[in-house]
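Chains as they are written, first to last, in this note's numbering: chain F, 183 to 266; chain H, 465 to 647.
Because the hints were derived from the structure by calculation, they are not lab data. Careful: at least some of the hints might be erroneous.
Unchecked claim - Computed, partial: chain H to chain F, Cβ under 7 Å: (1) L469; (2) L472; (3) G479; (4) I482; (5) R484; (6) F515; (7) G525; (8) S565; (9) Y578; (10) T629; (11) S630; (12) A634; (13) K638; (14) L639; (15) P644.
Claimed, not checked - Footprint (simulated), chain F over chain H, 3 or more residues, beta carbon under 8 Å: (16) 488-496; (17) 539-551.
C-beta: ideal position from N, C-alpha, C; glycine also.
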Amino acid sequence: MGLMLRQHKYTLDILTRTSMLSCKPVDTRISTSKATILPNPLFSNATRFHQIVGALQYLTFTRPDICFAVNKVCQFMHAPIDSH
Amino acid sequence: MKCILRYLRGTTSHGLHITRSSFFALHGFTDADWAGCVEDRKSTSGYLVFFGQTPISWKSGKQRTVSRSSTEAKYKALADGTAEVIWLQYLLTDLQILSASAPIIWCDNLGATYLSANLVFHARTKHVEVDYHFVRDRVAKKEIQIRFISSRDQLADVFTKPLPTSSFTAFRFKLWVDPPPSA
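So that you can see chain F by itself, here it is in the shape it has in the complex (with noise of 0.2 Å):
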């Protein structure tokens, strides 16, 4: 027993915005090979992709499990690349 804290409504405006909803689910937040560094293109729309890891942040207030990916993206707030 206890209570239950979560973001289902905010988790779901994000899949929306992003057009993910319907989109197929993984069973891990990040994958275990290490990111490819230089030789990609810079992803297009950097505002867009501020805008969801922006977004993301507040959701790691009830998901410690994604805590670490959101963190992983952040890093590459600068120069997104079209692997992240």
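Place chain H on chain F using the hints.
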């Protein structure tokens, strides 16, 4: 990022499960992934603080300087975790919640555990920044206790590196992130 969103799609209703507990004490876990970044070889540190059974504070972050040994990296993570635990302890004191013993921080590196008690391995640690040794001060003042824990039971592991699905799911369970009980 797409991976995170796809993961969220599968777990939209998951949330933090807060359970009733009669155990009012802080305990923390700190860990680091040494030289985890392939570009600049900086380490990633993570900590997780529990109040009773419930996780209340956690962080994952890349360290600002390069570490020459895993002990150094874990010691830096320990310093971050210590700062958080001390702050939370002050907060609890202000709220008149007093615990009998000093909070315990679990660290999975023996070297860092020894270092917090006494400055050993001098040749390999003399370059470690002075401010990181504030951990040792706090231990000497008995404000915190540092204990060793095996890597397998180290809950802060999940904040420092990507994990395969099976262990990630096990960690998630221990972090009390659950789907809601089915009606």
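Each hint, compared with the structure:
1. About 4 Å separates the beta-carbon of H/L469 from the nearest beta-carbon of chain F, less than 7 Å, and the hint is met.
2. Because the closest C-beta pair between H/L472 and chain F is about 6 Å apart, less than 7 Å, the hint holds.
3. Contact between H/G479 and chain F, as hinted, is supported at the beta carbon level, the nearest pair being about 2 Å apart and thus within 7 Å.
4. Because the smallest distance between the Cβ of H/I482 and any Cβ of chain F comes to about 4 Å, under 7 Å, the interface hint for this residue holds.
5. With a cut of 7 Å, the hint placing H/R484 at the interface with chain F holds, because the nearest CB-to-CB distance is about 6 Å.
6. Against a cut-off of 7 Å between C-beta atoms, the interface hint on H/F515 is violated, since the closest Cβ of chain F lies about 13 Å away.
7. For H/G525, the suggested interface contact is upheld, since its CB lies about 6 Å from the closest CB of chain F, less than 7 Å.
8. About 25 Å separates the beta-carbon of H/S565 from the nearest beta-carbon of chain F, more than 7 Å, and the hint is not met.
9. With a cut of 7 Å, the hint placing H/Y578 at the interface with chain F is violated, because the nearest CB-to-CB distance is about 27 Å.
10. The beta carbon of H/T629 is positioned within 7 Å of a beta carbon in chain F (closest approach about 5 Å), and the interface hint is therefore held.
11. Violation of the interface hint for H/S630 is found here, the shortest Cβ-Cβ separation to chain F being roughly 9 Å, above the 7 Å cut-off.
12. This hint is violated: H/A634 has a C-beta 11 Å from the nearest C-beta of chain F, more than the 7 Å allowed.
13. Interface hint at H/K638: violated, since its Cβ lies 10 Å from the closest Cβ of chain F, which is beyond the 7 Å cut-off.
14. Hint status for H/L639: holds, given a least beta-carbon distance of 5 Å to chain F, under 7 Å.
15. Residue-level restraint check for H/P644 holds (minimum Cβ-Cβ distance to chain F is 6 Å; threshold 7 Å).
16. For the stretch 488-496 of chain H, the assignment as covered by chain F is violated, since 0 residues bring a beta-carbon within under 8 Å of that chain's beta-carbons and 3 are needed.
17. Given as covered by chain F, the stretch 539-551 of chain H fails the check, having 0 residues with a CB less than 8 Å from a CB of that chain where 3 are the minimum.
Violated hints, in rising order: 6, 8, 9, 11, 12, 13, 16 and 17; the structure is consistent with all others.
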